[in-house]
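With the hints as a guide, bring the two chains together.
What follows is each chain in one-letter form.
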Amino acid sequence: MIILNKRHEKENEYKKINDRDFLDRKFFDGAILNLAQWVEIKKEFKNKKVKIGIEFSSNECSSSNESSMSEISLIQIKFETFKDGRPFTFARNLRKKYGYKGEIRATGHILPDQYIFLIRCGFDSVEIAESDKDIWIEFLNMDNGLYYQP
Amino acid sequence: MYKYSEKDKSIIESRTKQFKNQVQRRLNGQLSEEEFKPLRLMNGLYLQLHAYMLRVAIPYGELSSSQLRKLAFIAEKFDRGYGHFTTRQNIQFNWPKLPDVPDILHELSKVEMHAIQTSGNCIRNISSDHLAGITIDEIEDPRPWCEIIRQWSTFHPEFSFLPRKFKIAVIGSKKDRAAMLVHDIGLRLIKKDKEIGFEVFVGGGQGRTPIIAKKIKNFLQKKDLLNYLEAILNTYNQEGRRDNIYKARIKILVKELGIEKFKLLVDENFKKLSDKNLEIDKVSIDKIFSFFTLPELKPNSHKVQIHKNKEYNEWVTQNTLSHKVSGYSIVHISLKSANHPPGDISSQQMMALSKISEDFSFSEIRVTHEQNLILPHVENKNIYKLWIELKKLSLATPNIGLISDTICCPGMDYCALATARSIPISQKISNHFKSFSDQKILGDLKIKISGCINACGHHHVGNIGILGLDRNGQEFYQITLGGSAKEDASIGEIVGPSFPESKLIDAINTILNTYKKNKKKKTEDFLSVFRRVGIKEFKKDLYDNT
Ligand code: SF4
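Heads up: the protein sequence lines correspond to chains Z and F, in order.
Heads up: take any position in the first sequence, counting from 1, add 644, and you land on my numbering.
Heads up: take any position in the second sequence, counting from 1, add 133, and you land on my numbering.
Extracted from the complex, chain F is given alone in its bound form (with noise of 0.2 Å):
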């Protein structure tokens, strides 16, 4: 894992300073909230529905035992006992009080956490494959390169005042696990000719202009990565559209200019203000490589057990996945329990986990953007006894990709930009769904809701997607299919007028009849049928005879 330099933790700690003086100059009136929101977005604070909201940097979902301790610590002593992962591999605290978060900042930068550029018009925190670094699929791990971009990034003078928010996701792996191809710019890995660089993809996202990122360069050598990176930012930065909150996403000013017109202007930008210092050299990529090598592993020949229990055996199917090193699996623990929100987790709950990170996992987690989270290096010898420790926690659900496996935003219970409530919708499904036999005849399946047009649930690219809307007061939802966020990637078509929430699930049961109905072997899944057949087969299905 990545250890903070002497100059990380100046850093870190000058900006800890600042933000207290900000924090001061607002409670004494030296700020209005005007312009506090922008300071304070930039330290992930946000004002949300019912009080601020604080969300935290996990940097490419990597989290060791200590700072998932402290985690666990700040919800209780600052918040209300739980946090809850975001899509982004963060977590948010949803009660802090605005006093209180200097010290929150204090306490996160004694483990080397902070909540810089977790919000506001800059560049976010970089996402990353969560099974990075432990995967055979592998043509090099991208961890390296989310750190470096991480750190030019950081208080980046040119590129802290965007015309909007900028997210930014490298991938190592043909597959993409990430959901690399809807953020505004999406790098992956790839090998030419033996040299190792970057495919690069610009104007991806969601919202309520969902579109799919374009490549903009086939092939772009490791040395220049971060010019390149510029290049692209001052574009955006001069040309975005700040006229209109919803038209000033790089996808936008890509779409209006035409991807070629687009290039142009950013090649230009190359050429002329390439800098030699921003050149990346060898050692110091070597340098950074260093601190992502795995613990020390010993191959070894164990199988994972295989028990009289079916429930283990349920799980152990659904939620692990065999290392690189052969003796060892990855293990998913899942934060879809039927009676919790996806993603929240309480603090005895990550206290007890940080634990058994230690015991089992060489005290490491990592957080997926699908709001679980994994522990990333067990000796299948051990399998069996992490299974008990976890279902002790509530913490042993066996439906990793399954259809209780929900993507889903906060939605009306917090978000002030909530059009209907998301996470009751969820619990209704997870629920309904419980049977993990019927979920495994339903094979993979993603579903993802949203409590708005913004999409923070990323419905556009759930294989089922679920938009809140407010229809006079009374809540519709309405319902894409066919989206995807894997390299496949595609944006889901809507079926239909939407529903009331009473006749959601009928209508969810409905599509999967449509499914089963069409499915020609056992294997196909829900998106290679959709694909084949079309929506018309299930519009017809859905409406024809209401």
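So that you can see chain Z by itself, here it is in the shape it has in the complex (with noise of 0.2 Å):
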């Protein structure tokens, strides 16, 4: 799998946790935790100076989950099928209502027909299989930049 950002291959500086350092609270920079793990050491991990991601499954993506998560430096979003809308809305309020300025990512069902759609919706990288880069890469660019919304 690779990350791409916009058109660019870039580098994966996130990688999720395992059980046991999630048990021995060993928050390593770029570890990625689940929403549950989040729940749970929401209130001990306020002052920690590492760098950490949460993975939201689709499923997840309700608005009783959203909050400001200005501490989180990535939002992985775990698409179950493409066809499951939440998360344009989820990110897209994130940016909006919570003025969340780390970075989105989308992982899972998702397809390149969805590309320029999730970046408008405020997502900025996708995790893909590396034989998927130029399809992926070719939607960007049939898109001309005109949209009917702001």
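Any given hint might turn out to be false.
Said to hold, decoys possible - Below, in silico cross-link-like pairs of lysine-lysine (DSS-like), each with a Cα-Cα straight-line distance of 30 Å or less:
{"no.": "1", "chain 1": "Z", "residue 1": "K727", "chain 2": "F", "residue 2": "K380"}
{"no.": "2", "chain 1": "Z", "residue 1": "K660", "chain 2": "Z", "residue 2": "K741"}
{"no.": "3", "chain 1": "Z", "residue 1": "K745", "chain 2": "F", "residue 2": "K404"}
{"no.": "4", "chain 1": "F", "residue 1": "K355", "chain 2": "Z", "residue 2": "K741"}
{"no.": "5", "chain 1": "Z", "residue 1": "K722", "chain 2": "F", "residue 2": "K300"}
{"no.": "6", "chain 1": "Z", "residue 1": "K722", "chain 2": "F", "residue 2": "K405"}
{"no.": "7", "chain 1": "Z", "residue 1": "K741", "chain 2": "F", "residue 2": "K153"}
{"no.": "8", "chain 1": "F", "residue 1": "K415", "chain 2": "Z", "residue 2": "K741"}
{"no.": "9", "chain 1": "F", "residue 1": "K405", "chain 2": "Z", "residue 2": "K727"}
{"no.": "10", "chain 1": "Z", "residue 1": "K722", "chain 2": "F", "residue 2": "K150"}
{"no.": "11", "chain 1": "Z", "residue 1": "K727", "chain 2": "F", "residue 2": "K153"}
{"no.": "12", "chain 1": "Z", "residue 1": "K740", "chain 2": "F", "residue 2": "K409"}
{"no.": "13", "chain 1": "F", "residue 1": "K404", "chain 2": "Z", "residue 2": "K686"}
{"no.": "14", "chain 1": "Z", "residue 1": "K650", "chain 2": "F", "residue 2": "K150"}
{"no.": "15", "chain 1": "F", "residue 1": "K298", "chain 2": "Z", "residue 2": "K722"}
{"no.": "16", "chain 1": "F", "residue 1": "K142", "chain 2": "Z", "residue 2": "K777"}
{"no.": "17", "chain 1": "Z", "residue 1": "K727", "chain 2": "F", "residue 2": "K298"}
{"no.": "18", "chain 1": "Z", "residue 1": "K650", "chain 2": "F", "residue 2": "K355"}
{"no.": "19", "chain 1": "Z", "residue 1": "K727", "chain 2": "F", "residue 2": "K404"}
{"no.": "20", "chain 1": "Z", "residue 1": "K777", "chain 2": "F", "residue 2": "K170"}
Said to hold, decoys possible - Computed Cβ-Cβ distance ranges for the label pairs, DEER-style:
{"no.": "21", "chain 1": "Z", "residue 1": "K777", "chain 2": "F", "residue 2": "P232", "range": "22 to 30 Å"}
{"no.": "22", "chain 1": "F", "residue 1": "L602", "chain 2": "Z", "residue 2": "L784", "range": "46 to 54 Å"}
{"no.": "23", "chain 1": "Z", "residue 1": "A680", "chain 2": "F", "residue 2": "D270", "range": "53 to 61 Å"}
{"no.": "24", "chain 1": "Z", "residue 1": "F689", "chain 2": "F", "residue 2": "D414", "range": "43 to 51 Å"}
{"no.": "25", "chain 1": "Z", "residue 1": "V683", "chain 2": "F", "residue 2": "L390", "range": "22 to 30 Å"}
{"no.": "26", "chain 1": "F", "residue 1": "E401", "chain 2": "Z", "residue 2": "S714", "range": "34 to 42 Å"}
{"no.": "27", "chain 1": "F", "residue 1": "Y379", "chain 2": "Z", "residue 2": "N656", "range": "52 to 60 Å"}
{"no.": "28", "chain 1": "F", "residue 1": "Q438", "chain 2": "Z", "residue 2": "L790", "range": "45 to 53 Å"}
{"no.": "29", "chain 1": "Z", "residue 1": "L790", "chain 2": "F", "residue 2": "E328", "range": "32 to 40 Å"}
{"no.": "30", "chain 1": "F", "residue 1": "E444", "chain 2": "Z", "residue 2": "L790", "range": "50 to 58 Å"}
These are calculated hints, taken from the structure and not from any lab test.
Ideal Cβ placement from N, Cα and C applies to all residues, glycine included.
What follows is the structure, given as structure tokens:
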């Protein structure tokens, strides 16, 4: 898998934390926690100086899970199916309602046909198979920048 | 009529290219059918019982003569020589081949047409009053607002993967001729203290849970329209159910939360998410309105000619209305002759009609949600000539609003979801109630027929609704009474056990006799009688002696 940021491949600085490290509270730089883990340690985390990410499944993209997440540097959203449109609204709300400035990344079942929509809703990057890179970029190149919405 | 800007053109072109790429990937196996499905649906391409079906958008039902000519050409070249107008003012082609679809879309784009968002879980083509801009009872023309919403909703990055399809209707009069109250969002232009704005309704719909929309806002300022729509859609996209396709429409969310709670969520989103850039200023409103002016009509005192010909006179009484400009009429063309499926039209008819619209109606044609067509501006002095032309094409059936003007879905003849046939039922009714004078005695009466519980034939809101069911492999028809899709919208009540096809016409006759017997004066229509005497009377006559 590779990380594509617009047209450019970039290094993946994040990795999911394993249960052992989580239990030991070893939060390395670039650790990705799932939502349940994050909820569990939220309070004690406040002062830590490490860069962490949270992964939301598309099922978890409801308004009740929206909040200010300024201390998080990556929000990764895993699409259970590309047909689930909740992450589009979730990402947009994080940006608009909560002013979230960190990276928002899409992973899971996503299609290149959705690339422009993802970016326009506030996603920065996608995690995709290396062999799909060309087609994702091709879809981005089809974008002529003309939209009906601001 | 609206004309595409350069921006509209390039957006449609790039979409056509994108779809070509998607078809290619499907054909060479890079996309699975499951992945291709939502992509093709967003381009109006369905997989039906026998073949693909392509649904082409006719925004708010307006067609130019060149667009109709193009539809005729497509029907001839890529289909089996006909098209089918739907209850949402669109047209469907029932037999296109997948590899041809990109070419069809390319042909359509040449006349500023497309199939974008005519299906799939996104915001569908916006529908409206077929008399918009030409009737006196209007507060403001709704079409420019439909166009504003069409643009905003096209390829909306956030709302292209909703829990379910989403339908919006806009009307500009008190009278509802667009079934606005059974839409996901219904907008009605109203005037309050000299300011025109919108009354907003939400959560209406048909299908297996028919619901009349609830009012969510008494008065919405024009400038806030798009921000308010975004607030509703944002709420729905996040909170709408995705676990069960039958519970995924916004009507279920509104029902489960209650309109008050739903309104709170929407208001909060409206407050927090409203974007200055989405506010519509007067200049852009005026610009859109400038497309929707009347052609150069010359007011005059000509009345519609009376004629010795009885058939002509019947047609004039039933199929024409006065235009807001004196000396002109609005002419309905019925697509409900006894021999054709409701809404069907052949390519020859389309071709000829395109020419007729040029000769008689400033090259304009409209599609109604009742699956008929309209020539919007015909000079009174030409009405007889026009009738002769329409008659030659078998397009002069005088039955608008009468019992044989049924709404009907494709049913088992085409639709993969059907549980029974619906077209043959509508034809049986048309044949049985052929005589104009018999139909006239029955007055305004809407029969609506669906081939399954999805209710594409709007049976819930038919004065008489007919729903086709499957009972151990045999077709049965359930009858509902008292539905209405107008401003006094209501959902029909089931009258009792369903009937096999062989008994259906008799049952309808019994229902009509109950109506006739209870009618207090000549002009009292079916719905008024039903509402006055209630379902009991009808039940008694239908079931008591059997
Ligand atoms: S009502 Fe049922 S049978 Fe008729 S078109 Fe809709 S899905 Fe098909």
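Quiz prompt | Broken hints, by number | solution = Hint check: 7, 18, 26, 27 fail, others pass.
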